[in-house]
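*Asks:* Reassemble the complex: the two chains are provided individually, in unrelated frames, and hints are given to aid placement.
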Amino acid sequence: MPSPNTFLFIMPLKHHLNYSSCVMDRVIARYGSGKRIVRLVGDEANPDSIDEAIRLYDPLFVWGTGHGLQGLYTVECTQKYLWVGSPRVELFKGRIVHLNSCLTGRQLGPHLVSSGAEAFLGSMDTFYLFVGSPPCSDRASMSVFLAEHQAEVALLQGRSVGEAHRARLDAYDREIDYWVTGEGKNSPYAPLIARILEIDRMIAVLYGKGGVRATQPAYIPISLVSGIVGLGLTVIATR
Amino acid sequence: MTLARIQRWFNSLPEAERDLPVVILSGIAYTPRMILMEVQRGTPVGQRLQMMVEAGTYGTTALEELQLAKVRLREVLLRMPNKPIIATLGTKYRVYTPQELLREIEMQTPIGMQWIQAELQHVRRILGVARRL
Chain L
225 MPSPNTFLFI MPLKHHLNYS SCVMDRVIAR YGSGKRIVRL VGDEANPDSI DEAIRLYDPL
285 FVWGTGHGLQ GLYTVECTQK YLWVGSPRVE LFKGRIVHLN SCLTGRQLGP HLVSSGAEAF
345 LGSMDTFYLF VGSPPCSDRA SMSVFLAEHQ AEVALLQGRS VGEAHRARLD AYDREIDYWV
405 TGEGKNSPYA PLIARILEID RMIAVLYGKG GVRATQPAYI PISLVSGIVG LGLTVIATR
Chain W
15 MTLARIQRWF NSLPEAERDL PVVILSGIAY TPRMILMEVQ RGTPVGQRLQ MMVEAGTYGT
75 TALEELQLAK VRLREVLLRM PNKPIIATLG TKYRVYTPQE LLREIEMQTP IGMQWIQAEL
135 QHVRRILGVA RRL
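Quick note, the sequences are listed as chains L and W, same order. At position 89 of the first sequence (counting the first as 1) the number is 313 in my numbering, and the numbers step up by one without a gap. At position 112 of the second sequence (counting the first as 1) the number is 126 in my numbering, and the numbers step up by one without a gap.
Just chain W, with the same shape it has in the complex (with noise of 0.2 Å):
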């Protein structure tokens, strides 16, 4: 992969998604806009994250996997105005703002961990656009 992939990849991202961390390496979470200015200088730790990217790995421990699609739901749903608009078919007829949404995801309920286990596999499809391009 080249760093006019890694271009390409950043590009392809939309703004919201350019400042969310989106792989760990040594303890360090990374934003594209990190990983491609990393890659731009050429250094070691942007090749490993080049590496990253290409792969499609994001995390090394569970624990670290967890807090990183924690931080990214917060930043997000934090973005989105206080208003109920997300809605559920269950019996409940639930709806959620974001904000309280995010409290469902910091106490990890199953809600949470609803939300938690799919931002993951954002976090994958993200990487995966750069092996698209």
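Pulled out of the complex, with its shape left as it was, chain L reads as follows (with noise of 0.2 Å):
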């Protein structure tokens, strides 16, 4: 059984891929605390490093952004991690799996969980972002990730998988409203950026248990929580 409350994040640089990762390191600094957290950054978001990290901290839920196709999932360089049929499919059972790349949803986020991962999010086709201002420079280059990172939000907050999957997806709607009437709505991107967006949401999946959490409440030990109480605090614990 994984490690509750771990959450490793592959996060490698180049190709763009620093536009998602910038974004999910302010997800992690705002939102991480009280988790263990283990990041894999630029090149060390290699196929070694990524099966050490996972045989090490037995995280219950990986994130990885990357360059993907129906069956494959590539790290940095694109180099190739994850397939259909490849060994390291075992590597990923009883985990809940976060691929932010192409097409991951179609054959290889299926495949996760019909051979054991107890969830997946990705996305069923081509996934967009606006590279046209540098990486987390502006909303406009962040906005795509502000949404697809929402699930990530909800998990380390202790949402279920299916409600991570719900927040993800309303985060994408307050974006497009964002470009469309919002306060971006004259920015001279704001027509693409909102069909980006329209696309990246029209395009994520989920697969598997819905009702899986990335996180376990703490136990409060009895004489703690006596403890508290005679402080005059209501604490509620639970098992």
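Keep in mind that the hints were calculated from the coordinates and are not lab data. There may be inaccurate statements among the hints.
As the list claims (entries may be wrong) - Think about it this way: if two alpha-carbon atoms lie no more than 30 Å apart in a straight line, the pair counts; the simulated BS3-like pairs of lysine-lysine are: (1) W:K84 - W:K106; (2) W:K97 - W:K84; (3) W:K97 - L:K238; (4) L:K433 - L:K259; (5) L:K238 - L:K317; (6) W:K106 - L:K317; (7) L:K259 - L:K238; (8) L:K409 - W:K97; (9) L:K317 - W:K97; (10) L:K304 - W:K106; (11) L:K238 - L:K304; (12) L:K238 - W:K84.
In this text the structure is predicted, and so the values were computed from the model without any measurement.
*Replies:* Right, dumping it as structure tokens:
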């Protein structure tokens, strides 16, 4: 059984992957406290290091960005990492996986779930991003990832995979509203970014068990609860 | 839905959307600006357009819908600078200029069809704004 509250983030940077990774860095900085976070950034996002991190930390949740095909996920420098029929698929048994890449929702995601992964979040078709400004330099460069990575915000906050997927779709709607009727509507790139968001939202998929969570509520010993209650605070402890 | 609501709908849209065709009636494509004018004039066409906006319906035949999406995307993409600004997370890590994407759309390649389908969804969203006001 993989370790709850343990999150592995595969964050390659080359070939525009820094656009996704830099937004995820912000998500981790804001919502990752109290969780065991393992980040493999840039050249660390290579097959050997990923395998080692999975074996060492046994994360319940694995997120990765990378370039993909229907049955293939690649990491830094487009090194092949995971594909349909690969022995590595075994490594993902019992885990929740989110691959932010093109097309992996078509074959690789269903294959992972049918091979024992708890759940898979991904994209069914080509995933687009706006690269007209540097990564994380403005809302335009971050917009699709502010939506896509809302799933991780939700999971880090203890919500279920199904709720995370819903949060992701709702975040896409909010981002589209920002560019269509909100503050960004008269930005010169607004029409283009709204359409990119529309596509990425349409292709977002979830497979597997929507009810699972990547976190486990902390067990608070009764003596500690009593002590806190004694201070006049209300505590609800959940096993 | 009242004239005031159509007016609010029009005002809420970005400049870039106000002159893009959004519904087709009797083979004629209407932009939000044209719809507002027809509704203001109280014409029968205006009444029908108002009903279409209210119902969130934008066209008739599949062929007309395809044309609607292509016309809209052409208008939008030709306004963008001809620079590689649209990347993908596919293994070829292709970066498109808006004009390159437009060619995909005109030729109705799988990439182009993806944009066309999304555009029709976007039109539904634009019409849906009216119901939220």
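*Asks:* Run every hint past the structure and note whether it holds.
*Replies:* Right, here's what the structure says about each hint:
Simply put, K84 (chain W) and K106 (chain W) have alpha-carbon atoms about 26 Å apart, close enough for the 30 Å limit, and the pair holds. The hinted pair formed by K97 (chain W) and K84 (chain W) meets the criterion: a straight-line CA distance of about 21 Å does not exceed 30 Å. In summary, the hint linking K97 (chain W) to K238 (chain L) is supported, as the alpha carbons are separated by about 20 Å, within the 30 Å threshold. Of the supplied pair hints, the one linking K433 (chain L) and K259 (chain L) holds, its CA atoms being roughly 22 Å apart against a limit of 30 Å.
About 28 Å separates the Cα atoms of K238 (chain L) and K317 (chain L), which keeps this hinted pair within 30 Å; it holds. Proposed proximity of K106 (chain W) and K317 (chain L) is supported: the alpha carbons are some 29 Å apart, at most 30 Å. Of the supplied pair hints, the one linking K259 (chain L) and K238 (chain L) holds, its CA atoms being roughly 27 Å apart against a limit of 30 Å. A threshold of 30 Å between alpha carbons decides the hint, and for K409 (chain L) with K97 (chain W) the separation of about 21 Å falls inside it, so the pair holds.
With a CA separation close to 43 Å, the supplied pair K317 (chain L) and K97 (chain W) exceeds the 30 Å bound. A hinted pair counts as satisfied when its Cα atoms are at most 30 Å apart, and K304 (chain L) with K106 (chain W) qualifies at roughly 13 Å. Between K238 (chain L) and K304 (chain L) the CA atoms are separated by roughly 14 Å; this keeps the pair inside 30 Å, and the hint holds. The straight-line distance between the Cα atoms of K238 (chain L) and K84 (chain W) is roughly 33 Å, outside the 30 Å bound, and the hint therefore fails.
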